[in-house]
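Just so you know, the protein sequences line up as chains A and B, in that order. Taking the numbering used here, the leading residue of the first sequence gets 39, the next gets one more, and so forth. Taking the numbering used here, the leading residue of the second sequence gets 2, the next gets one more, and so forth.
Bear in mind the hints are in silico, worked out from the structure with no lab data behind them. Here the structure is a predicted model, which is why all the values come from computation and not from measurement. One should not assume that every hint holds.
[Claimed, not checked] Over 10 Å on every C-beta distance to chain B, these chain A residues come out as not near it, computed from the model:
no.	residue
1	52
2	89
3	132
4	182
5	198
[Stated by the list, open to error] Label pairs and their in silico Cβ distance ranges:
no.	chain 1	residue 1	chain 2	residue 2	range
6	A	167	B	55	21 to 27 Å
7	A	109	B	75	50 to 56 Å
8	A	163	B	22	29 to 35 Å
9	A	177	B	70	27 to 33 Å
10	B	49	A	128	40 to 46 Å
11	A	178	B	67	17 to 23 Å
12	A	155	B	21	33 to 39 Å
13	B	79	A	123	22 to 28 Å
[As the list claims (entries may be wrong)] Derived DSSO-like pairs: lysine-lysine, alpha-carbon spacing no greater than 30 Å straight-line:
no.	chain 1	residue 1	chain 2	residue 2
14	B	46	A	89
15	A	89	A	178
16	A	178	B	46
17	B	46	B	21
Ideal Cβ positions, reconstructed from N, Cα and C, are used throughout, including at glycine.
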Amino acid sequence: MAIGSLEMKSMPREVVEGLKELIGKECTLQRIGTDRSLFIGFGSITTTTAKPHAEFEIGTYDCAWRVFDGKRILCGRNDAVDDMDELNQRFSKLQLGKIVSIDRLTELDTRIEFSNGLSVDICCTISDDDQILHIFLPMKRVIRFSLCDGWRIGPSDSPW
Amino acid sequence: MPKAPKGAADIAKRIPASEKQVRDIASRVERELGEDARRALYDAKDPALGDRTIQEVLEDAKSLYEDAGKAIPQWLLDRLR
Numbered sequence: 039m040a041i042g043s044l045e046m047k048s049m050p051r052e053v054v055e056g057l058k059e060l061i062g063k064e065c066t067l068q069r070i071g072t073d074r075s076l077f078i079g080f081g082s083i084t085t086t087t088a089k090p091h092a093e094f095e096i097g098t099y100d101c102a103w104r105v106f107d108g109k110r111i112l113c114g115r116n117d118a119v120d121d122m123d124e125l126n127q128r129f130s131k132l133q134l135g136k137i138v139s140i141d142r143l144t145e146l147d148t149r150i151e152f153s154n155g156l157s158v159d160i161c162c163t164i165s166d167d168d169q170i171l172h173i174f175l176p177m178k179r180v181i182r183f184s185l186c187d188g189w190r191i192g193p194s195d196s197p198w
Numbered sequence: 002m003p004k005a006p007k008g009a010a011d012i013a014k015r016i017p018a019s020e021k022q023v024r025d026i027a028s029r030v031e032r033e034l035g036e037d038a039r040r041a042l043y044d045a046k047d048p049a050l051g052d053r054t055i056q057e058v059l060e061d062a063k064s065l066y067e068d069a070g071k072a073i074p075q076w077l078l079d080r081l082r
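For reference, chain A alone in the conformation it holds in the complex:
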């Protein structure tokens, strides 16, 4: 079970340790927001918030994402749909399985590989210093990846 390439190992140790917590976790939540944002959750689901969220949750608000099976893109942020419910339905039906690895496709793009042979790629498509992706972890922690700060981990319930 791998975290990924040599480049990933140059990120802060505590980020790598946080990512390792996800390896082997079964996907329990998959949804697309009405703005095409991505939410993939693992572990227990909480329904006390306005929308359901998982104990571990990988997501992106504004960057591109796609689901890839090695040959074809099965679903992507920019799929033409009549409404977001259609995109959400399409994404939710995919059986991802357990996380096998979290890797860098490039310096800017991240691939999450799953046990059912599918990958979710999150690609940096913004040029400012906003986050590219986030990974919520238990105990109010979050990993954040951005162009300006790289990979960092910190509390999710307070400013850094």
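Given chain A, work out where chain B should sit, using these hints.
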């Protein structure tokens, strides 16, 4: 005749906030309140009403500061006027 749901009458004249506006507010909320709050800002959107107006996004942001027991920042107060 059944009453139209709240907000329905205004849909025709609702101008959605731009992506840039939403991201600017969201990133400020993240910087000042944390990631949980930013996610809550996105959660606050009611899909039945479609994209939020800038006023609605600002009001949702304001609620987050209030929920956190923090003073409403000046940048937000200025935009809410």
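Hint-by-hint comparison with the structure:
Consistency note on residue 52 of chain A: stated as away from chain B, and its beta-carbon is indeed over 10 Å from all of that chain's, at 16 Å minimum. Listed as a non-interface residue, residue 89 of chain A fails to keep its Cβ farther than 10 Å from every Cβ of chain B; the least gap is roughly 4 Å. The Cβ of residue 132 of chain A lies farther than 10 Å from every Cβ of chain B, with a closest approach of about 21 Å, so its non-interface assignment holds. With a minimum CB-CB distance of about 7 Å to chain B, residue 182 of chain A fails to clear the 10 Å threshold, and the non-interface call is violated.
The Cβ of residue 198 of chain A does not lie farther than 10 Å from every Cβ of chain B; its closest approach is about 8 Å, which violates its non-interface assignment. Remark: the range hint 21 to 27 Å for residue 167 of chain A to residue 55 of chain B is upheld by a beta-carbon distance near 22 Å. In this structure the hint that residue 109 of chain A and residue 75 of chain B lie 50 to 56 Å apart at CB holds, the actual value being about 53 Å. Take residue 163 of chain A and residue 22 of chain B: their Cβ atoms lie about 19 Å apart, and the range 29 to 35 Å is violated.
For residue 177 of chain A paired with residue 70 of chain B, a C-beta distance near 21 Å fails the hint of 27 to 33 Å. Under the hint 40 to 46 Å, the C-beta atoms of residue 49 of chain B and residue 128 of chain A, about 21 Å apart, miss the expected range. Checking the proposed 17 to 23 Å range against residue 178 of chain A and residue 67 of chain B shows it holds: the Cβ atoms sit about 20 Å from each other. Range check, residue 155 of chain A to residue 21 of chain B: Cβ separation about 38 Å, and the 33 to 39 Å hint holds.
A hinted range of 22 to 28 Å for the beta carbons of residue 79 of chain B and residue 123 of chain A is inconsistent with their spacing of about 36 Å. Only pairs whose Cα atoms come within 30 Å are accepted, and residue 46 of chain B paired with residue 89 of chain A is accepted, the gap being roughly 10 Å. For the proposed pair residue 89 of chain A and residue 178 of chain A, the alpha carbon gap of about 17 Å is at most 30 Å, so the pair holds. Distance hint between residue 178 of chain A and residue 46 of chain B is fulfilled; the C-alpha atoms sit about 23 Å from each other, no more than 30 Å.
With a C-alpha separation of about 16 Å, the suggested pairing of residue 46 of chain B with residue 21 of chain B holds against the 30 Å cut-off.
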